[in-house]
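Engineer: Listed below are the residues making up each chain.
Number of protein chains: 2
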Amino acid sequence: MTDKLQEYARLLVAFGVNVQRGQKLVITCAVDHAVFARACMAIAYERGCAEVILNWTDDDCARQRYLKADDKVFDVCPEWRVRYFTDYAKEGCAFLYLLSEDPQNLLGVDPGRIARATKSSGEALREYRELRMKNENAWTIGALASTKWAAMVFPDLPAAEAEALLWERIFAAVRVNGDGSAVEAWRAHAAKLKERVKILNDYRFKSLHYQNALGTDFVIELAENHLWEAGGDKTTGGVPFMPNLPTEEVFTAPKRGGGSGLIVASMPLSLHGNVIEGIRFVVRDGRIVEATAQKGEETLRNALAVDEGASYFGEIALVPYDSPISRSNTLYYETLFDENAACHFAFGEAYPTNIEGGADMSKDERIAAGLNDSIMHVDFMVGTADLSVVGTRADGTEVVVMQDGNFVF
Amino acid sequence: MTDKLQEYARLLVAFGVNVQRGQKLVITCAVDHAVFARACMAIAYERGCAEVILNWTDDDCARQRYLKADDKVFDVCPEWRVRYFTDYAKEGCAFLYLLSEDPQNLLGVDPGRIARATKSSGEALREYRELRMKNENAWTIGALASTKWAAMVFPDLPAAEAEALLWERIFAAVRVNGDGSAVEAWRAHAAKLKERVKILNDYRFKSLHYQNALGTDFVIELAENHLWEAGGDKTTGGVPFMPNLPTEEVFTAPKRGGGSGLIVASMPLSLHGNVIEGIRFVVRDGRIVEATAQKGEETLRNALAVDEGASYFGEIALVPYDSPISRSNTLYYETLFDENAACHFAFGEAYPTNIEGGADMSKDERIAAGLNDSIMHVDFMVGTADLSVVGTRADGTEVVVMQDGNFVF
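Residue numbers (the working numbering), protein chains in the order written: chain A, 124 to 532; chain B, 124 to 532.
Just so you know, not all the hints are guaranteed correct.
When chains are identical, the list treats them as one kind, so a pair holds in a single copy or across two.
Straight line, CA to CA, 20 angstroms or less: simulated SDA-like cross-link-like pairs of lysine to any residue [stated by the list, open to error]:
1. K213 x I322
2. K191 x A165
3. K418 x T358
4. K329 x V523
5. K195 x I176
6. K191 x Q143
7. K191 x E169
8. K271 x V158
9. K213 x E202
10. K195 x A165
11. K195 x E169
12. K257 x E479
13. K321 x E521
14. K271 x D155
15. K191 x Q417
16. K213 x C200
17. K317 x A162
18. K191 x V158
19. K195 x D210
20. K317 x A185
21. K191 x I166
22. K195 x Q143
23. K195 x G215
I should point out that these hints are in silico values taken from the structure, not numbers from a laboratory.
Excised from the complex, chain A in its bound form (with noise of 0.2 angstroms):
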């Protein structure tokens, strides 16, 4: 491997999932990635880590199985697959997500099959997210450049070159150059992040009016002591981690039930192995109550329709314009990258460590404080070289948050 690979491998371990002597780690990646997943596995151990458990995953398998299987197969989350989550979490183990897949993955399946699919294990393991959500467990996200992933982002170039772009790219945004400096870059930009954090907690808004050219115009209300976080988190037992690696957002929850106005996407989302293009939400009371897109809408209909809490929001972060990745000027059809490219809202599930004293609260006591409930959380892009966010604070008076895609401040 090369010294980038490893330091990128040792930034995920040792920095992002930051795992602890005597912790479990659970990694998951493609068997095509099975190398660096042996690298991240030393460097878990070196740091004394008790135990690495792999969590191999296989696009052609997964593509297969829902072409293929027993159309009941999708109704169920087999016994094991609920312990062997929810276990691992229950014992406070550390979780890495690789991420590698080809954003088209599942083109052509049976969308009623994925959404069956993705009812059935959300609710089977609905204990091993809520205790990940609420930084029980140190989790990370990264990426993987993959041949296919690549093609589709640099669909002009010859698939080694597209690839190797795609691992460059991947290096710029995790501040990886290969000499060993890249924890040192995400401390002083995790201190930024941790800058505008402070000055948005100090405004207090009761909400956000979003305008832009492509026609979201869209007032959002904010959860009561809420609490915007950025640049990295730590569990309830004390350990920093970065949950997202890059990360450029600083992200809060809404208050559900709150909101209104038409918000249109301004990038492609790549959800369930397919991609969907053109979205436009009408939202009101804090409901998305139409929902269409030009292209794999009906994708994106199912997932609203998981569960009830799938059609009120999550999350709402700020990203300016000008955020590295942004200016890489490349979609990348996974929303680790282009959700740090522009600002976002999530629809489903909001973190419990988004309000005060959430982290603690029962589910009911943070459904009581106005917080989302769902078993889906899923990202969608709003920002645009346009945007205008303004935020109203509790007097009424008016506050500008972000001119022309970019903070103010």
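Given the coordinates of chain A, work out where chain B should sit on it, guided by the hints.
Structural biologist: Chain B in isolation, oriented as in the chain A frame:
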């Protein structure tokens, strides 16, 4: 994939494990052989398989875990793993095991860790193993050439040549020419093996006496109502399958507690990632009372000490010295191959199907009928070019079964 690889995949899925419409299939395969696993999956779905589940393995991850994980993890088989194998077995899944391990993958690992892991997983997976051993489930073991395994078999060849040659040996052993004739060849071969079964069953031997110049001088008693088997099994549901590809053996169950003498193994034994050489067993009343080896003795002793039944015998298998695999004059360091080049025994669990009505008996009934019970089942080779095997019938008459390593009939 080449024609030969395609034909091999088809042989394993459609003939070996003979997956049925509506049945599920669990494939165990190294991540480095994902291309082959995907091909097996496609063939299974083509046959109407309900779902193919991939149980991915990786030598490097296994070795790192054994060397570096916390000592406590080797005493526990996680609940998800028990549910995985037991639930799929109870559902009537077929199991395809694709072996490609480096025979020395765990060289240098603390043998105590291996012993404890063998015991904890063996005990936790008892129900799964029993279902499989009594043929509730169809199962097949096949082998895939890998770089490290090939380097061990052909140490004087460059890596690529060694791997290519090992593939050719595998294809020859499993009768794959790439012309689609493999299944037909296997049907003819199985019929020939079944002729031997008939002859041996008709003799109703009480015991067999093994002798050769290597030093083996050993009498082993056969279970009452024993059945010789060969050339494939049937599941309890009546579906034919071929547990091992290749297979050249005719095998039956010894009577627990019956047998005495000295056994000198004729080949090294690859067991739990270690190669054991120069094995000698002193046997009294069917029990291995002394076990020595020139190399890997601790691994051997640990295997025999896993439970009480591990030092008793579970299988008697006759293989002519002029079998095709034996004539290849190669040591494969993989029991699936080496056991088909030489007469062998197994210490540990006996197959219920090797006595009349055994598959319908409870465990206690099988033990009462003289079958050995253990979480282990380890084949080791004793056949040589000068081996003689003489059977004794109920009336005391002696019948020469093998002379100079080959059947006399």
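Engineer: Would you pick out the hints that fail for this structure and give their numbers low to high?
Structural biologist: Per hint list: 1, 3, 15, 17, 20 violated.
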